[in-house]
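Chains as they are written, first to last, in the working numbering: chain A, 1 to 416; chain B, 1 to 157.
If you are wondering where the hints come from, they were derived from the structure by calculation, not from laboratory data.
Glycine included, every Cβ here is placed at the ideal spot set by N, Cα and C.
Take these hints with a grain of salt, some might be off.
Here are some chain A residues pointing at chain B (derived, C-beta under 7 Å) [to be verified]:
#1 Arg186
#2 Phe216
#3 Gly231
#4 Ala232
#5 Ser256
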Amino acid sequence: MEVGTTVRWLFSIALLIALVPESAQATRRVVGEEYSSIKAAIAAATAGDTILITAGHYTEGPIYVKKRLTILGQGNPVVDGAGQTEVFVIEADSVVIRKIVVQRAGVSFMQDNAGIRLEKVQHCVVDSCILLDNFFGIYAAESAFCTIQNNTLIAHSVREAVSGNGIHLWYCKGMIIRNNRIRGHRDGIYFEFVESSLIEHNLSEQNLRYGLHFMFSDSCQYRWNTFRRNGAGVAVMYTRRVLMERNVFAYNWGPSSYGLLLKEISDSRIRFNRFIRNSEGIHSEGSSRIEIDSNLFQQNGWAMVVMANSEDLYIHHNSFIGNSFDVSTNSRHNFNRFAYNFWDQYRGYDLDRDGIGDVPYHPVRLFSLLVQQNPPLLILLRSFLIDLLEIAEQVFPVLTPETLVDQYPLLHEVEF
Amino acid sequence: MRTSRLYGFSLVILALLFAGCGAHKPRPLQLGKDQCAYCSMVVSDPKFGAELITTKGKIYPFDAIECLAAFVYTNEIPKDQIQSMWVVDFEDIEKFVPAESAFYLHSPQIRSPMGMSLLAVSTEAQALRLQKQYDGEILQWPQVVALVAEQWKLEQR
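For reference, chain B alone in the conformation it holds in the complex:
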């Protein structure tokens, strides 16, 4: 009886350990708890959020797309240690889209947390529809990084 309980317990521990290892997928942002890895602001509005996952599986949360872009541009962690980058779909906050394949809308009418007026969606159709509502221009990831680097006068390390 006692040994079986012990086995059960160790299984749970093992399961937890492996769960930790395999976590190379984004996890939902914890509002009010997660602190942006770039600007230190506590994340409160998930629609603009983003995440970066390292090759070791560590997850860096961001309150805004522009923070992820700045984090990557300034090489806060070396490029070869980045496993994946994700942005939240503005229209479906449960959904993370790979940063490189998302579509971005840049319009002064969008009030994103860090003032760069950027949102991300997963399909071009969504982006075009939102563009009708907010005007602005549709961007791809490299343009987003370039835009943030220029606006914030970032320097590469």
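One chain only, chain A, in its complex shape:
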């Protein structure tokens, strides 16, 4: 009986779909042939239509899309804001915009002008577009369930004040940011008040400030991304429940530059990432309840700096290889746990051959503490005096945190 009803329902729905008249079907409107401007084509269109923009250069001020349209480029049409205005402003749900070159949205002192702006919409898609020298690239405000994928965003400004973010989300949820390449913006990807969103397979490089920047967000994840050569690395701040996995954080050098800066983060997990050649791999301030496992820290200045206001960090099964300093902190107090990590500077032995060193490893060196308090001291790195002090400190620890210790140091690198 139950099944019969369902089948009957499905039949009637199928019948309804079949009976929808031809006239209600989408019309294709070609800009460059029927219409001379994009605005004219949009004005003539009804919801469901496709606007096909053929190759050409269209300098049209802000183009407002207030109907459910598919805007499709053919042969790389260029839509130009001429350094004055915004380019596309999407204000209808389910708009799709594909394969268009959007350039030169104007720098504005008061407004966050963008190449493509999504304003209070749902289920929109921005796909395979090229955004060149826009103030902000793609800007989504108070939107949900949109996908931003396969885009290339490049900006060339050298001053931060005249540079906006590549992909900027403000009060959004359920968004997907996938497979984009972002270069030369202020922050590559910026999340403020964003919930339940996913960032994956993106390359964010050479941005003036952060490759990725979270503020006041919740329940997001980012994975399989590469963040390299950004002014200050990646910053995850004032955010809860973030899953960060299988990313590469590389080549972030400078005095206030980090592979990953954690500020007031809680209930998060960081795993299977690679931190390579950063001033500091992970810098943690005021963060709590974070599991950091199975990461590779290679050739960083400091692999990890864990400030004493961080607590309940569980750091295990990571590999620390070729870092100048493994771990540093700013206090003798430690409220975090280190265990089962591989430390290439470990000099212990394993008599029972269970793969775990028989002597605990103290990853915080005296000198790294001193440098934390007084950076210019770094000039004494590898000096004889410092080596003597290190040995003395190892025998009688006075300054280094006694509880910051790996009781079970692994003898072999962790494979993942």
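Take the given structure of chain A and dock chain B to it, following the hints.
Then chain B, alone, in the frame of chain A:
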């Protein structure tokens, strides 16, 4: 010849030393380099910036007015060591205004770096004009501190 060069050199050094001592005025924020003393964010948008100068002349930069307010409220450094506090005029980013005499506009339409929707200007006329554009309310410094403390649930140390 050699001694005169030496004198010249020491003069330069002395001048530099004194320049360091007398610096009780705010300096322009270095975008992309200065890190906010409260939230650790690298300063990138000068219009919302602020600075605090200690009695010893050390300058703490801030990316947002709300960070300066929180820094002061939570006594990150003792009150008696604060020489002066400055906020950037939203309409003239070269200009620093003493925090206590500036006028603040608080409106959800203002997207300041730390999400507290605050901007500062030097005169009441500016504030009133911006209020016409953005709505919101005009605040004085003590109200700004109270607002940030309440919104961020700060505790005094």
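Among all the numbered hints in the text so far, which are the ones the structure does not match? Checked against the structure, no hint fails, so every one of them is satisfied.
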